[in-house]
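Colleague: In the order they appear, the protein sequences are chains G and E. At position 34 of the first sequence the residue is numbered 34 (this note's numbering), and the sequence of numbers has no breaks. At position 342 of the second sequence the residue is numbered 1342 (this note's numbering), and the sequence of numbers has no breaks.
Don't take every hint at face value.
Claimed, not checked - No more than 25 Å apart at the CA atoms, straight line, and that leaves these computed lysine to any residue pairs for SDA-like:
(1) G/Lys256 / G/Glu288
(2) E/Lys1135 / G/Ala233
(3) E/Lys1135 / G/Asp343
(4) E/Lys1133 / G/Gly165
(5) G/Lys195 / E/Lys1133
(6) G/Lys256 / G/His231
Unchecked claim - Listing some non-contacts, in silico: residues in chain G with all C-beta distances to chain E over 12 Å:
(7) Ala37
(8) Leu40
(9) Glu58
(10) Pro66
(11) Lys127
(12) Asp135
(13) Glu186
(14) Thr217
(15) Tyr270
(16) Ile278
(17) Gln307
(18) Ala314
(19) Leu317
(20) Arg325
(21) Pro339
(22) Glu345
Calculated from the structure, these hints are not laboratory results. All residues carry an ideal CB built from backbone N, CA and C; glycine is no exception.
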Amino acid sequence: MTGRSAASKSTPRKRGTAAKGAGASAAGSRAGEEAAAAHLLTYRQMMRIRVFEEHANELYLTAKMPGLTHMYAGEEAVAVGVCNALARDDYITSTHRGHGHCIAKGAHLDLMFAELLGKAAGYNRGKGGSMHIADQENGNLGANAIVGGSAGIATGAALSARMRGSGQVVVCFFGEGALGQGLLYEVMNMAQLWKLPVVYVCENNLYNEYTHFEETTAGDILSRPRAFGIHTAEVDGQDVNAVAAEAARLVERARKGEGPAFLLAHTYRYYGHHVGDIKRDYYRSQDEESHWKRDRDPLVIFGQWLQDQGIATAGDLERVEAEVREEADKAVRYGLEAPYPDDSEVTMHVYA
Amino acid sequence: MSTPDGSTPARAVAGGDQAARNGAGARTISFSQAVNEALAEEMRRDPRVFILGEDVAEAGTPFKVLSGLVEEFGPERVRDTPISEAGFTGLAVGAAMTGMRPVVDLMFGDFLTLVMDQLVNQAAKTHYMSGGKLKVPMVLRTTLGATRRSAAQHSQSLHAWVSHVPGLKVALPATPEDAKGLMKAAIRDDNPVVILEDKLSFQDKGPVPEGELVIPLGQAAVKRQGSDITFIATSSMVYVALQAAEQLEAHGISAEVVDPRSMVPLDVDTLVASARKTGRVIVVDEGHQSYGVSAELAAVVADGAFYHLDAPVKRLGALDVPVPFSPPLEDLTVPTPNRLAALARELCGAR
């Protein structure tokens, strides 16, 4: 495979890099430098997701991308914070809104764009597309176009990790819309019965497609996992430090054999349900969108924190953004120029 | 199994061909012993193989097919689950994707309805959607077959549903020998394989060779040689076909019985070769006749043997009704040796 950028190669795969040493940027301290570098990488990863989604939207609007895609912009701190707590060989399962999880777990933008564009160079030879990117080298067992559909896979991967004695932990990402699916409760019951190393991360971006979650969700969300005796936590999903710290705690807990956990992250999606969902007034207001983008943006919040802590200057952050934009531009070009799969591939990979 | 005409299927006469070919000593064991043996041997051979499902451990399933396995392999590898079919099938998919080789025990084939998303949208498509990166080496064993007086939600033969989904393999063992050999092949396969066993067959006995026995998926077996007509029979319909063939001998009609043994992959060549030889074909299957596997098998044979056929290819399936509870009604819904023999005589010009 070609076209991998230096930036994407530097993706951290050490456990808990971002969570440790918060604020410890004292000059001269090697640990402080490492922590600072990890924080800047966290910022970079969030920026990569943001810029990736801008390009995905543009590819749709300019009719260069087949089909539709569901954008993760606005929710970056959840994926990056959680994946910072994971080792490279830990697993995740993802959703139809999965680009953020994929990037946060270590994927290359060029191979992702190639997949979104249906090209043979894509992560899955163009056969999966936006909603099915799987990157097993980084432990991503795949995005899933069935809401809640990956809950079984994640829990089964945790059972497998337990049986193989691998020490791996699995994170199951899903939106609050998946709370309506029965499968989730079946597998949470088994995860708690058998103390499996799985963390269920519920990204509550407020909307089940085009419907506010309060119209579809009875009672209190966390009382559902608690009914099984599953350990729960709740976090501001726009604050990557808070997400990373909570995720690190839950992941290590699971790794030590203390059982599954359920993390509820409060967040917001900036775009519509998918790229084509442009007129949204009937289900959410411009004021609401503006509020989240202006006052609750995860990149702004974390960028400000980095500056307040003296870890980075405004110039440092601008430089990161410029580098990411260059990486993404190259990655889009790579995807656009890559060839489609040969016709002979249509019958390949039906059976192993 | 009693049939509406009061006859008893000649089950003990089937099988044994593989044993003879292998030259190995054959014992006579039951269908459920054969399945049990296959699972035990594969679990001894490969530590990645494990079983999960409802009441699989101490209970050994309601049919007692798995008795003794938990004693040998422990509750981790013979894992009792809650009554959550979709959930534990989903767990199997995830476990298979990450290095294990699970065997899901789905108590009744009717419960396929509960696991279809995990089987169809997840297990079957993962390899393709991932561009060949991920594999799902799992087996789902479940049942088919009516006339157990279990009514409409415990009697269906839904193998057509799974056979329609690219990415799944589907096996239908009829004899103890096939049950063992196909199960071992399925466990070693890198794809999701659904094995449907007729729940009325579990106590039936037949010859099974000693030692290693792996029957590759996609190899049909000629269970009886004949020259006038071919019965393509699936699962326990093999016994219906064998008994009909015996009846037809008295009428001077020589019937061949071919068991495809797996729907996917399908051994088209063996089916077509038999059709070309005899020139007449009836497909016998216990799924509902409309839109069932019998239609596919008939189409494949009609296509491959068209210029050799002396009569239209016929199907004999289950009636297109939910399976009724009342015994006399239920017995009307399934193919029987008498009905098959009558149809064969009609097709052969009422000899």
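Colleague: Hints first: check each against the structure and report whether it holds.
Modeller: The hints, checked one at a time:
| no. | hint | in the structure |
| --- | --- | --- |
| 1 | G/Lys256 / G/Glu288 | violated, 41 Å |
| 2 | E/Lys1135 / G/Ala233 | violated, 34 Å |
| 3 | E/Lys1135 / G/Asp343 | holds, 22 Å |
| 4 | E/Lys1133 / G/Gly165 | holds, 23 Å |
| 5 | G/Lys195 / E/Lys1133 | violated, 29 Å |
| 6 | G/Lys256 / G/His231 | holds, 14 Å |
| 7 | Ala37 | holds, 31 Å |
| 8 | Leu40 | holds, 31 Å |
| 9 | Glu58 | holds, 25 Å |
| 10 | Pro66 | holds, 15 Å |
| 11 | Lys127 | violated, 5 Å |
| 12 | Asp135 | violated, 8 Å |
| 13 | Glu186 | violated, 3 Å |
| 14 | Thr217 | holds, 21 Å |
| 15 | Tyr270 | holds, 27 Å |
| 16 | Ile278 | holds, 28 Å |
| 17 | Gln307 | holds, 41 Å |
| 18 | Ala314 | holds, 41 Å |
| 19 | Leu317 | holds, 35 Å |
| 20 | Arg325 | holds, 28 Å |
| 21 | Pro339 | holds, 15 Å |
| 22 | Glu345 | violated, 9 Å |
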